[in-house]
Amino acid sequence: MTKHITCVTCPMGCGITVELNDSNEIVSITGNTCKRGEVYARNEVTNPQRSLATTVKVNGGIHNVVPCKSAGPLPKNKIFDCMAEINNANAKAPIKIGDVLVENVCGTGVNIVATNHCPAK
Amino acid sequence: MLNYDIVVIGGGPAGMAAALKARECGVESILILERAESLGGILEQCIHTGFGLQYFGEELSGPEYADRFIKQVNEQKIEYKVDTMALQITDDNIVYAVNKTDGLLEIQAKAIILAMGCRERPRGALNIAGTRASGIMSAGTAQKYVNIDGYMPGKKVVILGSGDIGLIMARRMTLEGAKVECVCELMPYSSGLTRNIVQCLDDFNIPLYLSTTVVDIHGKDRVTGVTIASVDENRRPIPGTERYIECDTLLLSVGLIPENELTRAVGIDLDRVTSGAVVDEYRETNHKGVFACGNVLHVHDLVDFVTLESQTAGEGAARYVQGKKKDSDFITTKGVGAVRYIVPQKINLDNEGDVKLFFRVGNTFKNATVKVTCGDEVLISKKRPRLAPGEMENVIIKNSMLKSFAKDSVIEITVEA
Amino acid sequence: MNFDVAIVGAGVVGNLIARELSRYDIKIAILEKCNDMAMGTSKANSAIVHAGFDAKPGTLKAKLNVSGTSLMPDLCKTLHVPFKPVGSLVVAFSEEEKETLNELLDRGVKNGVPGLEIYDRAKLKEVEPNISDSAVAALWAPTAGIVCPYELTIAAAENAVINGAEFIRNFEVKSIKQENGLFTVSNGEREITSKYIINAAGVFCDEIAKLIGDDSIHTTPRKGEYMLCDKSIGNLANHTIFQCPSKMGKGILVTPTVDGNLLIGPSALDIEDKTDVTTTASTLASILETAKKSVPVLTTREVITSFAGLRAHCDRDDFIIEKSTKNPNFINVAGIESPGLSSAPAIALYVRDMIIPEMGAAEKPGFRPDRDEPVRFRHMSNEERKAIIAKNPAYGRIICRCETITEGEILDAIHAPAGARDVDGVKRRTRAGMGRCQGGFCGSKVVELLARELGVEINQITKFGGDSKILYERTK
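Residue numbers (the numbering used here), protein chains in the order written: chain A, 1 to 121; chain B, 122 to 538; chain C, 539 to 1014.
Hints are computed from structural coordinates only; laboratory data are not their basis. Please read these numbers as outputs of a predicted model, since none were measured by experiment. Careful, some of the hints might be misleading.
Just a few of them, taken from the derived set where beta-carbon distance is under 10 Å, the chain A residues facing chain C [claimed, not checked]:
1) 55
2) 64
3) 65
4) 86
Below 30 Å or equal to it, Euclidean Cα-Cα: the simulated DSS-like pairs (lysine-lysine) are [unchecked claim]:
5) C/924 <-> B/221
6) A/57 <-> B/192
7) B/221 <-> C/769
8) C/1007 <-> C/712
9) C/983 <-> B/341
10) B/202 <-> C/929
Every residue gets a Cβ at the ideal spot worked out from N, C-alpha and C, and that includes glycine.
Could you build all of it, start to finish, from the sequences and the hints given here?
Here's what the structure looks like:
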């Protein structure tokens, strides 16, 4: 199988081609112009990860929601599951930057933390 | 009448960085005027991460990036007034501003730093035909509704313009359950970062249609759909390529315009390309003691560069207040060919340090050569693997080079493919 | 609810009639199908007060135009509506068109238009420096002016409401019953009764008349598209600049607006759909081309918005202001196309004279001819600004940056008699969102203020009523 990936490590945006064999093992990586591209492509094929930024519902705050992010990268294929869990969460104002709003989201071991303050109303 | 050494108009990343640098340079009397309810500017609604990689070496969200500066402003006890709108600057650097608690403020400043940021181009500027139904808004307005107010402005969305805000909102709306039908881009390339195209569109299978625009908007009360069409090399729609796409929302991310109404009203020279002021290496305009930095000067793609530029302006304003910034002869800078503009547009000949020239190209290039020349002399010639309109470039003019120039020389930057 | 007079349609005509009738001791209702007044022709037109040389002598149009225009300056002053007596020029580009100017001059004299004069090329260039070099002469009409048409419409309704009239919004007249000398008017959910009905429904006049079996009126919506340019080029024209008229109307004009913008348009296209106010790329392009014939330096660069409006064209080619043959208490005020805005003050008096004497209504004491002058922060001196903020701090918070509109002005617009209920209503009353960013920054703040003042959640606020809500549900 062949996978085409656009590298996002730097603005060059190299088009990288990854060849896989029948047991999904990487046979070759081509098209990258630096070592970082190879690492990126390898991760994208074996274990793609994304950081997630969204909001959590707030009770008693000056706003309805407070922004948050995953404290570390999440498996790409779990992003929507994580969204669902985050959307069910409630935070109580006042909230400070860094407050943990959802612990161990979807069992990933990653916390969802506030990225802004939300004073109480 | 109030008196301050420096009045900073705008409490976003530019204004805060400028004020902090001026304080660091020894200016005590500083006032920041911010029109929103809090410091932070547009960063407050930019909740995605990716800010601060250059400046802090960390990936922060917009509010986190802003908060680092808000903390310092508070620690340094720099005065600021929020919910305060500057209405006018006079010839002798009096700032008129207004808010609910102080009423009309009259503030005499020794130096003024303009840091008002930019606004989004509206639909009218594009002259898109069709109805004027509800459901047409700028991507930034939608971003505020979703991220600050917590309401959905649409469920089935078409986005016109593939600038970074458009791409970011494609992902954001998708994460919150909307269906983003497509992103249309008038140009044959996206002005957004590659990373955003991959992580905001490709990840969610949102199609990006290049050389495509919206030619008609349908729906009486609420938008019911748009007609998109391919455009030719002159950006004119090609008859026969029209396609109807059902949607309830059209988000526009079609460019940013520096907010220079105050600047224009006091008669400061503006650059036709940047729509910002013409400035020297300390970002001083042709109006004595008035400086400009950040997106009000030229639209940046990274806030980190806004911070750095604003520190330069803050230092310049401090030097001006302290009488260290002397008038001298200038040399000017000029972008040639694909180089659309250069900031600063002029450099004081007796400048004591190196000067970084920021520029933007009008086309994409691979393995191009950037050449900096003065008359027949080639000052710098260097290879760049990639140049794109969406990414600001810079070159450094060494102080040793500066010393060799005659007054009124012109430094030119060109790109050779 | 029982009324003496029900006026169908809250446009400039209906509202000025309501205002005129509110001098008398009668109960008046203004029935409007939309969420606000000035939602049809009155909000999207050329905003010109015509001198009155266009209409054929002897027609109602000729008569009411000249008298309406003469009433306009004082009326606007009384109601605190922006009006500027800029005068108009009809420009000729050939010897043949010069003949047309003479005909218009002749007609104008017959209609009683004062001050008309033919300018030669040199004089034209002197008063209008940006005019095309190919212009050869022009007809100068000093009594022409420009007005804010929706503000006049709104001010008239506010004034009528102050004097006791009732403004009933979202009331689309669906049926009218006639019993014992009384009309019962229904919108399908609610009913009101009235002794008289005044049909001022613009392009819908024919449909309203049909509800009592009167099919004598046939209205064709004639669409006109416009482009509005930024204030930075508002000084490209000093006067309203017309080209020579054709069968479809007065052609493409270039005019300053009372707010300092520049307006270009309108096109003229007869259409079927009475709600079709879409703009089309090809028409906008052709408007610009034609306008450049008058003012060659025009470009699309400074266009901040485009829009379309519908003229209520009637096949009788004159205003129809008469008692219906089906019922003398049903007054048709139909076919009010250009110069309808100019004529509106005179139409109001004309209708008054048709019904007040026979009703035997007495003037009521305490009639107030004016309304409170709206606060216009942007036009105030710094001293005035200080004073007004001291009185009410809400005038110290700027909501619309481009037009410098304060929270106080927006609150006034919401709480005015027959006040704003939606974002566009706030916009028409205050100009918030009318500037170069077109509501990019202030739109969400206006939504917040409307929600707060009306006591609803922000996702209930609409752009212009109906299904034009701006937001869906909470994200979470």
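Structure-based check of all given hints:
1. 55: Status holds, d = 7 Å.
2. 64: Holds. Min distance 6 Å.
3. 65: Status holds, d = 7 Å.
4. 86: 8 Å, holds
5. C/924 <-> B/221: 11 Å, holds
6. A/57 <-> B/192: 25 Å, holds
7. B/221 <-> C/769: 28 Å, holds
8. C/1007 <-> C/712: 24 Å, holds
9. C/983 <-> B/341: At roughly 24 Å apart (the allowed maximum being 30 Å), residue 341 of chain B and residue 983 of chain C satisfy the hint.
10. B/202 <-> C/929: Within the cut-off at roughly 21 Å; holds.
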